[in-house]
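Q: Chain by chain, the residues:
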Amino acid sequence: MNTVVSFENLTLGYDRLPAIQQLEAEISEGSLTAIVGPNGAGKSTLLKGVTGALSPLEGKINLGSLTRDDIAYLPQQSDIDRSFPLSVLDLVSMGLWQHIGAFGHLSKSMRGRVSEAISAVGLTGLENRPIGSLSGGQMQRVLFARLLLQDARLVLLDEPFTAIDARTTADLVEIIHRWHDEGRTVIAVLHDYDSVRTNFPDTLMLARELVAHGPTQNVLTAENQFKARQMCEACASTPHVCGKDAA
Amino acid sequence: MIWDAIIAPFADFGFMRRALLGCVAISLGATPVGVFLMLRRMSLTGDAMAHAILPGAAVGFLVSGLSLGAMTIGGLIAGMAVALASGFVTRVTALREDASLAAFYLISLALGVLIVSTRGSNVDLMHILFGTVLALDNAALILLCSITSISVFTLALFLRPLVLECADPQFLKSVSGLSAVTHFTFLSLVVVNLVAGFQALGTLMAVGIMILPAAAARFWANNIGGLIVVAVTVAILSSVAGLLLSYHFSLPSGPSIILVTGIAYGVSMFFGPVGSVIAQAFPRAQINS
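For the record, the sequence lines run as chains A and B. According to the numbering used here, the first sequence holds residues 1 to 247 in order. According to the numbering used here, the second sequence holds residues 248 to 536 in order.
For the record, the hints were derived by calculation from the structure and aren't laboratory data. Computed from a predicted model, the values in this text were never measured in an experiment. Keep in mind that a hint or two might mislead.
[Claimed, not checked] If you want the footprint, here are the derived chain A segments under chain B, 3+ residues with CB under 8 Å:
(1) 83-93
(2) 101-108
[As the list claims (entries may be wrong)] Label-pair distances were calculated between CB atoms; the ranges are:
(3) B/LEU498 - A/SER115: 50 to 56 Å
(4) A/ASP181 - B/LEU331: 47 to 53 Å
(5) A/ARG129 - B/TRP250: 43 to 49 Å
(6) A/ARG82 - B/PHE517: 21 to 27 Å
(7) B/PHE431 - A/ARG129: 50 to 56 Å
(8) A/THR198 - B/PHE517: 50 to 56 Å
[To be verified] Pairs of lysine-lysine, BS3-like flavour, derived with a Cα cap of 25 Å:
(9) A/LYS48 - B/LYS420
(10) A/LYS60 - B/LYS420
(11) A/LYS48 - A/LYS60
Even for Gly, the Cβ is constructed at its ideal location relative to N, Cα and C.
Can you build the whole structure from these sequences, using the hints too?
A: Next up, the structure:
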């Protein structure tokens, strides 16, 4: 299978302090990969690196033929101003940005696609509701509808199910499977190992460095989880020996 | 009776008609910009920018007297300089935008007052601070209407990125490179409209017609189109009422207009259907309506 994203000796961080060190990994096209690891392991940082919001301190992220239009990103805590007077329809429509851009017209067929996306996430009937009146779960559905319209080859999700009810989670997992069936590459940062085992064929475990990457049942072992925790705890204490040497 | 009170002042006096046209132009241009200032929680930024344009206008005044062109260009340069300088300081230092903007506008304001008072008379200072809506000449009206046209057109063109920049800046950054352009275009619109406003209402009052109608509209509408329509309507009606008050009771016109918008804001705050005092107190009535 083709590689869609590869990390080559990648070091990413903030203010020159590395959050991820010397990561070597390849994500194949069409794979459905969960990124797991303890708090502070660099999971969100890795996604920010792929979106280009964060530049590597060392090494590189090879995106091959992917451009900005091919990548859709759902941040962990999106800084959407929920008090802004925007309707569900308005916000979802923005998923068509790469077609309509800043100045383009929303054609009738595009409107049809917007309604389809809204119905796919189960929000039909709420099109004209202001986003400020939605529950957390409904808001996440809105953001998934927008992701659907972005029609991206690579979808990045940062903890999409945190603080979301079980019913919504189940519906949104369904959408992730749909993307997978359509051959899109999906990378999601997740905390719930049970959900990862049932829904994600591949897993990349991170603890500032790569712990393991491969089929989920080979990665999510008790041994790896223990190792990851130790690696991260070692990093949190000062003075410390970071990464694999500590484990 | 109604004729005498409302129509006659405009029918009989050219200066009243000019003032009205000037105010309508400002309402159409500045008020929609004010709506976005409010939505971006930048209402006080508008106020700061209004003070920041003073030294530029003062220098223009010194160079060529009460010439609108010179004062406008001066005001534009000063406003842009303060906007860019504070944006720059925010990006390269640890100081936050509110503090850096406050620092620059205070320096700018002090400089402006100093320039006007060393070289001009107090009357001149009053002209710049409080405007001369009853003495707008043709050149001033053409300038006002041009600025309004440019402003409305630009806002229409940039509406989508501007809305996204306010509501979901992270998303705009992820799909488009227009983020910085949008921010700068918006700041330019603020400055341009304040400069237009200060010809008529003065630097201190210009920001009033920008912010107060927008704040009033927040209690009447909960979508952007509605907010803009309500805000512009409030601004135009307040201009008419303010001019009439100033005519009948010999009051200064700028403050009269702004005070009427203030009354509109007060009434909206209590009786508007969206989130007002009454609407919050009787939420059930809101659901049924």
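Q: Determine for every hint whether it applies to the structure shown.
A: Structure-based check of each hint:
{"no.": "1", "hint": "83-93", "in the structure": "holds (count 6)"}
{"no.": "2", "hint": "101-108", "in the structure": "holds (count 3)"}
{"no.": "3", "hint": "B/LEU498 - A/SER115: 50 to 56 Å", "in the structure": "54 Å, holds"}
{"no.": "4", "hint": "A/ASP181 - B/LEU331: 47 to 53 Å", "in the structure": "50 Å, holds"}
{"no.": "5", "hint": "A/ARG129 - B/TRP250: 43 to 49 Å", "in the structure": "48 Å, holds"}
{"no.": "6", "hint": "A/ARG82 - B/PHE517: 21 to 27 Å", "in the structure": "25 Å, holds"}
{"no.": "7", "hint": "B/PHE431 - A/ARG129: 50 to 56 Å", "in the structure": "33 Å, violated"}
{"no.": "8", "hint": "A/THR198 - B/PHE517: 50 to 56 Å", "in the structure": "55 Å, holds"}
{"no.": "9", "hint": "A/LYS48 - B/LYS420", "in the structure": "12 Å, holds"}
{"no.": "10", "hint": "A/LYS60 - B/LYS420", "in the structure": "21 Å, holds"}
{"no.": "11", "hint": "A/LYS48 - A/LYS60", "in the structure": "13 Å, holds"}
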